[in-house]
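The residues making up each chain are set out below.
Protein chains: 2
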Amino acid sequence: MTFPHPRALAFDVFGTVVDWRGSIIREGEAFGHERGLKVDWAGLADAWRAGYQPAMARVRSGELPWIRIDDLHRMILESLLPRFGLSALSEPDRVHLNRVWHRLDPWPDTVEGLSRLKRRHVIVTLSNGNVSLLTAMAKRAGLPWDCIFSAETFHHYKPDPETYLGVASLLDLAPAEVMMVAAHKDDLRSARRCGLRTAFVRRPLEFGPGSNPDREPEEGLDVVADDFLDLARQLGA
Amino acid sequence: MTFPHPRALAFDVFGTVVDWRGSIIREGEAFGHERGLKVDWAGLADAWRAGYQPAMARVRSGELPWIRIDDLHRMILESLLPRFGLSALSEPDRVHLNRVWHRLDPWPDTVEGLSRLKRRHVIVTLSNGNVSLLTAMAKRAGLPWDCIFSAETFHHYKPDPETYLGVASLLDLAPAEVMMVAAHKDDLRSARRCGLRTAFVRRPLEFGPGSNPDREPEEGLDVVADDFLDLARQLGA
Chain A
1 MTFPHPRALA FDVFGTVVDW RGSIIREGEA FGHERGLKVD WAGLADAWRA GYQPAMARVR
61 SGELPWIRID DLHRMILESL LPRFGLSALS EPDRVHLNRV WHRLDPWPDT VEGLSRLKRR
121 HVIVTLSNGN VSLLTAMAKR AGLPWDCIFS AETFHHYKPD PETYLGVASL LDLAPAEVMM
181 VAAHKDDLRS ARRCGLRTAF VRRPLEFGPG SNPDREPEEG LDVVADDFLD LARQLGA
Chain B
1 MTFPHPRALA FDVFGTVVDW RGSIIREGEA FGHERGLKVD WAGLADAWRA GYQPAMARVR
61 SGELPWIRID DLHRMILESL LPRFGLSALS EPDRVHLNRV WHRLDPWPDT VEGLSRLKRR
121 HVIVTLSNGN VSLLTAMAKR AGLPWDCIFS AETFHHYKPD PETYLGVASL LDLAPAEVMM
181 VAAHKDDLRS ARRCGLRTAF VRRPLEFGPG SNPDREPEEG LDVVADDFLD LARQLGA
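The listed protein sequences correspond, in order, to chains A and B.
The opening residue of the first sequence carries number 1 in the working numbering; numbering runs sequentially from there.
The opening residue of the second sequence carries number 1 in the working numbering; numbering runs sequentially from there.
The following block holds chain A by itself, in its conformation from the complex:
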């Protein structure tokens, strides 16, 4: 590395820290089995996730007021239920299913990697997930965050600059002392424009075994890592 060690690492969560797609499919299959439902859970997971950027755009444009991701997820889920043969789902089942985003499983290297990185760095979330979601997820999965920051903390979703700069400000650090860690280059490019350091972590399975996500290094990325253990190695942690 040709730059000073970052004081804090801010982690994107969905896809970078946890396997949202695999978790929704696993839990969905068990949920459907108990209720005798046959559902394309992979299709539902993908459509649910795909609905997320357009829903945030409606908040960003002012069409919708500020709304936490739990409520965005519910809104998208409601629109998808008929297509996936789930229109008859009871209200408690809808609430439960929507909360699957609180129960996502970490990637196999996540907990060990974070624990190692925590020794030398302040490790925090910077996710569009709401605070209660991130808190519940961390508690269930054993994610050892030093602090949880969310779009909800700033009333701005990523990639708005208020989120990246807000984390630096709340940690009383200069932007260049914070490194954004994500599996998504658009997130990292936005962080970089705010002066943060960036680490790209490859998560080739985020969109499923058949997908072919971008794994290439690109100019402007400070670190490119295969997982959190590799990131820890590269940061000397």
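FYI, nobody ran anything at the bench for these hints, they're computed from the structure.
Be careful, since some hints might not be right.
A pair holds if it fits inside one copy or across any two, identical chains being indistinguishable in the list.
Calculated cross-link-like contacts (lysine to any residue; reagent style SDA-like; alpha-carbon spacing at most 25 angstroms) [claimed, not checked]:
| hint | residue 1 | residue 2 |
| --- | --- | --- |
| 1 | Lys118 | Arg99 |
| 2 | Lys139 | Pro175 |
| 3 | Lys185 | Gln234 |
| 4 | Lys139 | Leu86 |
| 5 | Lys139 | His5 |
| 6 | Lys38 | Arg74 |
| 7 | Lys118 | Asp105 |
| 8 | Lys139 | Ile25 |
| 9 | Lys139 | Glu112 |
| 10 | Lys185 | Glu216 |
Since the structure of chain A is provided, determine the placement of chain B on it from the hints.
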């Protein structure tokens, strides 16, 4: 207990979780010794803490803009240096001394008590300390918070209702599902007025061995405990 178990416990920090007075005296004495200074560190600690409510009142009244506690502490420290023979202190020494509030030691029961309470409850801070202070303190002292909430999160100091209600809202809980834990009855009375449950934890040494703080139960307190282990016992954790 005659009420449902609280889902989350929100802890006051200075005095309740950490021993600010003893820590400042211990660190001050080592600091003075290295520099050949004789200072009344107990007096400085008490005066520093006593300056805190009036300084917050100036922010609350609008006389000062929103300001984090690190900066309030520095402002008060500056006003006290001449009285304690510390006017010659260098700028780096002033910065270092002011940060003693990031390095406060927990009470002997704190870490074990919190770890036990964390098993069944979401445990969070609700402190006037700023986010970076609370994060650094937790990391150094091993305080296993699920989430850190600060006056800075809400741009309101306790006992403003925005703080107590803000914690409940960010955790997506009703106020009655949150229990405020503090060694100070005024904090608990304000929390109770917002609908939170309350636990009073006696910290007889907060103001030093010669002091005589209020240890009596009072109507409206849901739990009165001798320390965090006793609190854990009473909550069945």
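Results for each hint:
Within a single copy, Lys118 and Arg99 get their C-alpha atoms only as close as 28 angstroms, which misses the 25 angstroms cut-off; across copies the closest is 21 angstroms, which meets it. For the homomeric pair Lys139 and Pro175, the shortest alpha-carbon distance between copies (21 angstroms) is at most 25 angstroms, but the shortest distance inside one copy (28 angstroms) is not. In this homomeric assembly, Lys185 and Gln234 come within 25 angstroms of each other (Cα to Cα) only inside a single copy, at 19 angstroms, whereas the closest approach across copies is 49 angstroms. In this assembly of identical chains, Lys139 and Leu86 lie within 25 angstroms of each other by CA distance neither inside one copy nor across copies; the values are 30 angstroms within and 45 angstroms between.
For the identical chains of this complex, Lys139 and His5 are inter-copy neighbours only, at 18 angstroms across copies versus 28 angstroms inside a copy, given an alpha-carbon limit of 25 angstroms. Taking identical chains as interchangeable, the C-alpha atoms of Lys38 and Arg74 lie at most 25 angstroms apart only when both belong to the same chain, with a minimum of 21 angstroms there against 63 angstroms between chains. Both within a single protomer and between protomers do Lys118 and Asp105 lie at most 25 angstroms apart by alpha-carbon distance, with minima of 20 angstroms and 20 angstroms respectively. Taking identical chains as interchangeable, the C-alpha atoms of Lys139 and Ile25 lie at most 25 angstroms apart only when both belong to the same chain, with a minimum of 21 angstroms there against 36 angstroms between chains.
Taking CA atoms no more than 25 angstroms apart as the test, Lys139 paired with Glu112 passes in both settings, with 15 angstroms inside one copy and 17 angstroms between copies. In this assembly of identical chains, the alpha carbons of Lys185 and Glu216 lie at most 25 angstroms apart only when taken from the same copy (10 angstroms versus 58 angstroms across copies).
The earlier numbered hint that this structure contradicts is number 4, and it is the only one.
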